[in-house]
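S.K.: So you can see what is in the structure, the chains are spelled out below.
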Amino acid sequence: MSAIELKKLTKTFQTKDHQVEALKDISLKIEEGEIYGIIGMSGAGKSTLVRCFNFLERPTKGQVLIEGKDLGELSEKELRRQRSDIAMIFQHFNLLSQKNVVDNISLPLIIQGVKKSEAKKRAKELLKIVELEDKEKAYPAQLSGGQKQRVAIARALASDPKILLCDEATSALDPRTTKSILELLKEINKNLNITIVMITHQMEVVREICQKVAIMEEGIVVEEGGVEEIFDTPKTKAAKRLILGDKSKDDDILQDSKVKELLKSGKKIRIVFTENSAFEPVVSNMILKFNTPINILGADTKNVGGIAKGEMLIQLTDETKNEEDIITYLKERGLKVEEVEEDV
Amino acid sequence: MFSSEVIQMLITGVGETLYMTLVSTLLGYIIGLPLGVLLAVSDREGIRPNGILYKALDFISNIIRSIPFLILLILVIPFTRMLVGKSYGSTATIVPLVIAAAPFIARMVEASINEVDKGVIEAAKSMGASNWIIITKVLLVEARTSLISGATIATGTILGYSAMAGSVGGGGLGAIAIRYGYNRYETDIMLVTVILLIVLVQVFQTVGMKTSTRLDRRK
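Same order as they appear, the protein sequences are chains C and F.
Under the UniProt record's numbering, the first residue of the first sequence is numbered 1, with each subsequent residue one higher.
Under the UniProt record's numbering, the first residue of the second sequence is numbered 1, with each subsequent residue one higher.
Chain C on its own, in the form it takes in the complex (with noise of 0.2 Å):
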């Protein structure tokens, strides 16, 4: 049984004279244990969507199933228990200003009617997973971004979560808090088996830490999958745009009636370096030991993630005799081919 299975989602805002599609038809499954990303750019719905993993948003139509449960059916109490069940932090970490840090981390044991003694012992503890022993009576206007945040990371596990959603959490923060909050959220889910969906803009975030990642625009999911393949070789345009960043200005190129007619020939093959293959001269090996002349059309190195990515496109003329071969030597050297075919 999935963590959490979306069925059809959709959810639409009503203002005064014109309906918003928030979101269109989402289908998505989140297995136990793992740590989901779900990644677009502001207005993409993503927000809205994680709302709707616990109900803060309804969803206008569709379902959403939280192991098998189907909140949609639970009553307004019934809901509310489950909500404790799904713990939740914020970009601005959303921290009661008046209370010290323990009460903060007290507050959600204190809602589900635990004595404030237990809530207060259990707080301490939290305090120290998060490496907080010595702020327990301070303020949050006493510390730093990264320190809120992870109050608000023990807060969220007090109530013994088996959900943390985490919507924008390391947006407010610096790159280094940035780090050692994803670090901190990596030991959580490794240790206590938290299943983690981060919903971000950051393509860093993902990078380091999610296993699947899904990619959002205008309240739709266009693509989904492991974060290695789909970061490697995104499908669709928005994909593309997100990762690779904007390729208008090479597409206008290949747009040229003179280069389009020069593409009509031959095999295309876009072939992504990754990290390791980056050292070895493999066009140039490929050509030598091939014996055989390629057209370079294009490549680019891209900072994708705060990893190096190379990309090359390149063409086989009709000459080319060992195509197969060809492809068959690249990949053996770790390179991930694509045979491209009408969209440059």
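Some hints could be false.
Facing chain F, according to a computed beta carbon distance under 8 Å, are these residues of chain C, among others [stated by the list, open to error]: (1) Asn54; (2) Ser84; (3) His92; (4) Gln98; (5) Lys99; (6) Pro108.
Here are the simulated BS3-like pairs of lysine-lysine, each with C-alpha atoms no more than 25 Å apart in a straight line [stated by the list, open to error]: (7) Lys120(C) with Lys135(C); (8) Lys321(C) with Lys336(C); (9) Lys124(C) with Lys137(F); (10) Lys16(C) with Lys210(F); (11) Lys210(F) with Lys137(C).
FYI, nobody ran anything at the bench for these hints, they're computed from the structure.
Fair warning: this is a prediction, and the values are worked out from it, not measured in the lab.
A virtual CB, placed ideally from N, CA and C, is assigned to each residue, including glycine.
Since chain C is already given, all that's left is putting chain F on it; use the hints.
M.R.: Positioned in the frame of chain C, the structure of chain F alone reads:
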């Protein structure tokens, strides 16, 4: 400078003014605080929107607030007589004071609660908090500082109103000022009462603001 009777009278006046002000503020909050919470909660942006309830409360509180206090004093005399048994004196004055103060207090409470960060409310919801818990453990806690400075303003306003009630048979410093200063041209007594009123307002204001700042954890 003053005879002992006059001094005795001023002391009694201060006592009556404090009695009217503090009791009215307390009763005003007993009615106004829940009303203010209801206003904030039933608002379109509130945690449990309810258009009809909001509009009804909004309408009532606006009507009462738009009646000048002096006229309200006279308007509610039959009601006052029914509750207290007479329509003059300090205790009788508390009735119109509470009626005038409650909607004013409700509005200030509403404003204080509306200042609470929506993100914190969302966080509480995500923990499975009921609306009652959100009100008691989040809204009233986070709005604490603002509520206290609101109470300070309310107390000052009610003190001013209580002095006004002196003109139609209320007690306290206001009554003394009108009886001696206005009716009998004893300007010195009037001046002293005014100074005493100023001192009282200053004391309330200082204590209120100090408390509010001391309890604020945002800095």
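S.K.: Taking the hints in turn, state whether each one holds.
M.R.: Verification of the hints:
1. Asn54: holds, 6 Å
2. Ser84: holds, 5 Å
3. His92: holds, 5 Å
4. Gln98: Holds. Min distance 5 Å.
5. Lys99: It holds, given that the least Cβ distance between lysine 99(C) and chain F is near 7 Å, below 8 Å.
6. Pro108: Given a least distance of 4 Å, the restraint on proline 108(C) holds.
7. Lys120(C) with Lys135(C): At roughly 14 Å apart (the allowed maximum being 25 Å), lysine 135(C) and lysine 120(C) satisfy the hint.
8. Lys321(C) with Lys336(C): This hinted pair holds, its Cα atoms lying about 21 Å apart.
9. Lys124(C) with Lys137(F): holds, 20 Å
10. Lys16(C) with Lys210(F): violated, 45 Å
11. Lys210(F) with Lys137(C): holds, 22 Å
Hint compliance for this structure: hint 10 alone is broken.
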